[in-house]
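**Student:** Residue-level listing of the chains:
Number of protein chains: 2
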Amino acid sequence: MQPTKILLDESEMPRQYYNIAADFPTPAAPPLGPDGKPITPEMLAPVFPMNLIELEMSTQRWIDIPEEVLGIYKMWRPSPLVRAFGLEKVLGTPARIYYKNESLSPAGSHKPNAAVPQAYYNKLAGMTRITTETGAGQWGGALAFSCALLGLECKVYMVRVSFDQKPFRRLMMEAWGAQCVASPSTDTRAGRQMLQDNPDTPGSLGGAISEAIEDAVSDPTGRTRYSLGSVLNHVLLFQTVIGLEAKQQLAKAGEKKVDKVIGCVGGGSNFAGIAFPFLLDKMNGADMEIIPVEPSSCPTMTRAPFGYDHGDLAEMTPLLAMHSLGHKFVPPPIHAGGLRYHGVAPQVSHAINLGLLSPRAVDQLEVYDAGVAFARSEGIIPAPESCHAIAAAIQEAEKAKEEGVERVILFNLSGHGLMDLNGYDRYFRGELMNYPLPEEEMARSIASLGKYPKPAMA
Amino acid sequence: MQPTKILLDESEMPRQYYNIAADFPTPAAPPLGPDGKPITPEMLAPVFPMNLIELEMSTQRWIDIPEEVLGIYKMWRPSPLVRAFGLEKVLGTPARIYYKNESLSPAGSHKPNAAVPQAYYNKLAGMTRITTETGAGQWGGALAFSCALLGLECKVYMVRVSFDQKPFRRLMMEAWGAQCVASPSTDTRAGRQMLQDNPDTPGSLGGAISEAIEDAVSDPTGRTRYSLGSVLNHVLLFQTVIGLEAKQQLAKAGEKKVDKVIGCVGGGSNFAGIAFPFLLDKMNGADMEIIPVEPSSCPTMTRAPFGYDHGDLAEMTPLLAMHSLGHKFVPPPIHAGGLRYHGVAPQVSHAINLGLLSPRAVDQLEVYDAGVAFARSEGIIPAPESCHAIAAAIQEAEKAKEEGVERVILFNLSGHGLMDLNGYDRYFRGELMNYPLPEEEMARSIASLGKYPKPAMA
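Sequences listed follow chains A and B, in order.
If you read the first sequence in the numbering used here, its first letter stands for residue 1, the second for the next number, and so on.
If you read the second sequence in the numbering used here, its first letter stands for residue 1, the second for the next number, and so on.
This list has only true hints and no planted wrong ones.
The list cannot tell twin chains apart, which means a pair is met if one copy fits it or any two copies do.
Quick list of in silico lysine to aspartate or glutamate cross-link-like pairs, EDC-like style, CA-CA up to 20 Å:
1. Lys37 <-> Glu54
2. Lys89 <-> Glu153
3. Lys89 <-> Glu67
4. Lys252 <-> Glu10
5. Lys252 <-> Glu12
6. Lys5 <-> Glu68
7. Lys74 <-> Asp9
8. Lys74 <-> Glu88
9. Lys166 <-> Asp425
10. Lys89 <-> Glu68
11. Lys5 <-> Glu67
12. Lys74 <-> Glu10
13. Lys399 <-> Glu88
These aren't lab readings, by the way, just hints derived from the structure by calculation.
Owing to the predicted nature of the structure, the values given are computational and were not obtained by experimental measurement.
Turn these sequences into a full structure, and let the hints guide you.
**Tutor:** Right, here's the structure in full:
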């Protein structure tokens with residue numbers, strides 16, 4: 001019998017990231033600055049170090065992974081590819097289901113794949129301190145972990161409502177030596193203004209981004225930069241180690257082709273990480289379906305138009321060409337906090353426009369049904385975000401059963417759910433619901449994007 | 001440079017457990033029944049399945065690991081042996097420090113190593129349901145996980161104060177399909193009595209054991225048994241996969257000898273797991289120090305006499321020959337809940353009496369100093385229990401530095417601390433303290449053991 005885990009030796013680890021910008025048949029529309037023109041590297045220099053800006057704009061196909069980053073990756077990489085025999089048995093499917101287990105990093109998710117090189121490149125550029133924002137705390141934790149190992153200071157502005165309600169992820173950051181403050185804070189002009197306007201505000205991701213950027217750009221030593229956990233090209237690039245490993249592992253398992261590649265999408269980084277290396281094969285003619293999965297409560301890919309929009313509520317980022325529900329749209333309070341983002345990474349949007357992806361939306365109850373089935377058959381309690389990918393994988397396995405065909409299904413298990421058990425609690429109590437979409441609010445939010453320029457459609 | 005992680009292939013996994021009862025120069029004193037005579041297998045049969053009772057009493061050196069158990073172990077085993085380069089650098093020590101990372105199981109600790117075979121042997125014996133007690137929830141979670149994968153029902157009586165204060169571990173059990181109730185419960189006669197006596201009781205481990213045993217023995221179908229997470233010989237036996245793997249891995253790393261083997265001790269199972277395979281070498285003449293580490297607030301090995309005592313507060317277990325503070329002793333409320341046990345596994349006690357171990361006690365503040373140093377240098381946030389082993393490893397590394405000698409130090413990282421961050425919170429706030437031992441209460445508790453028979457001293 002085939003082994004459950006398909007492992008790679010450290011010597012087989014990918015030595016280069018895959019940059020999909022080299023292979024798109026047409027380039028993605030560029031981000032625009034406040035003047036309506038494509039942004040230049042210089043405009044971003046106060047926010048990011050130049051070496052990361054170069055990667056953000058690079059069209060070189062393969063980017064070397066620095067040795068020091070490889071050394072840290074080896075703490076949890078290569079991650080196992082797992083044949084889901086238990087889940088297959090429960091489903092009675094002829095499909096062969098595999099998942100890439102990204103929950104084994106010390107932060108519990110795929111996020112350190114990108115946080116480690118971001119910290120590394122900042123250090124290489126002479127920076128000594130990084131600021132960032134975090135919502136539920138996944139990204140802040142991953143960056144704190146990375147800064148601890150690379151000897152950088154780290155300051156995380158955590159949305160106040162999460163800071164108060166989710167002390168565990170804040171405590172992870174502190175255990176790794178980062179400073180974590182509730183946003184709005186009194187540490188920045190933007191934060192003080194927000195507190196003056198509304199002393200009892202629960203905070204917002206947009207507000208926390210404003211604080212983190214202000215903190216970075218106003219450091220008089222010039223040694224502080226800002227870091228973002230998804231959406232941007234260089235963040236997606238760093239996650240491609242997932243898919244590059246998975247390709248080698250499927251070959252080791254004797255699989256000559258993969259039929260379905262599945263990942264959940266919030267900003268898009270874990271999805272791109274597993275999917276882009278396979279997308280290269282698809283662009284070269286391989287027959288496969290690549291499925292980004294989103295919550296039906298935040299349907300950027302399946303319902304939103306493609307256009308220019310800001311990446312943040314506070315309108316501090318450049319305009320990004322992406323499918324967006326509008327940066328002021330507030331999605332229903334589903335438990336998969338990492339998927340409540342109004343837009344999607346421009347490179348994922350571009351691939352959708354090119355007809356290369358088959359986006360899918362799933363409801364919250366189906367998502368938890370899938371998560372519980374997975375926990376009981378495969379033994380790992382998945383993060384609510386990852387449950388979206390599991391739900392789509394189960395749909396595909398059941399389709400294969402109905403059609404009576406063998407198929408190879410691969411999905412990304414982006415993280416474990418040990419810090420997110422409240423959603424499971426509500427599910428077991430029968431308190432969980434599928435939220436109806438606020439259609440009118442969504443339409444208004446989308447209509448508000450009319451004022452921005454229109455990007456070319458691929 | 002040597003790799004950070006030393007891995008084994010699945011094909012190199014141990015196929016047999018190591019049973020130290022075969023190699024002790026004199027046998028450990030047997031458990032005694034209510035009649036003061038050594039217990040017989042038949043007396044235990046209503047509580048445990050006969051195949052586990054046979055293993056409990058076995059003196060066969062090597063015990064085959066069942067294929068189905070191996071299959072489940074492969075989810076997270078072989079676990080990595082990690083060279084702690086980061087910690088070594090911070091300490092500036094010439095010692096080479098290695099740790100076995102048992103935090104990668106889906107339950108986050110070493111506990112599933114024993115829970116999986118316990119569930120398996122129960123299933124093999126025709127049982128369909130297992131009961132157990134749990135304090136903070138580590139063991140209950142591991143058993144729930146194991147029962148999910150083996151298709152058994154599982155009911156966990158969780159001490160009420162933890163049930164209320166630590167909902168996350170309860171939710172893990174529910175995600176894996178176990179039934180978890182607060183103890184005392186109304187589900188058993190013992191529980192109802194406890195509630196009648198004291199409706200507001202916070203519960204106790206002793207009370208929860210009473211309920212779990214009553215539940216098991218009173219099932220009219222005879223298909224329910226009880227399971228314990230540490231202390232007993234067969235539980236220690238199942239954990240020896242840790243040390244057996246570690247021996248192979250140290251050899252792979254090119255280490256010809258190991259100087260210090262370290263593990264934390266509550267009941268003793270993770271310590272025995274890493275130490276007993278090395279203890280075999282020590283009994284055969286190898287020069288090494290084996291160090292079980294306990295909290296100075298619960299100093300069973302370093303302060304308590306060796307004698308007969310019950311394993312539980314409710315006096316339902318046989319009398320066990322062990323170092324004990326008395327089964328009614330209530331240790332100070334340190335955060336390492338898994339180490340607040342009044343006794344220690346009889347086989348660990350026996351090894352102490354034979355002069356084979358060098359027990360050590362460490363204070364809570366030093367424990368958290370060590371945990372934070374480890375998190376920031378090695379990237380993993382350790383469980384407070386595991387921090388005890390880290391503290392002793394750091395002591396040894398510093399001694400090697402003072403003496404200017406290279407030494408090989410191995411310790412067991414028994415679990416991660418992601419579900420136990422409250423202790424870190426109090427540490428960072430400066431609220432954590434070293435508890436003075438309640439000397440008078442301890443003396444009284446120890447004196448109360450005078451009524452029990454005296455075992456022979458090895």
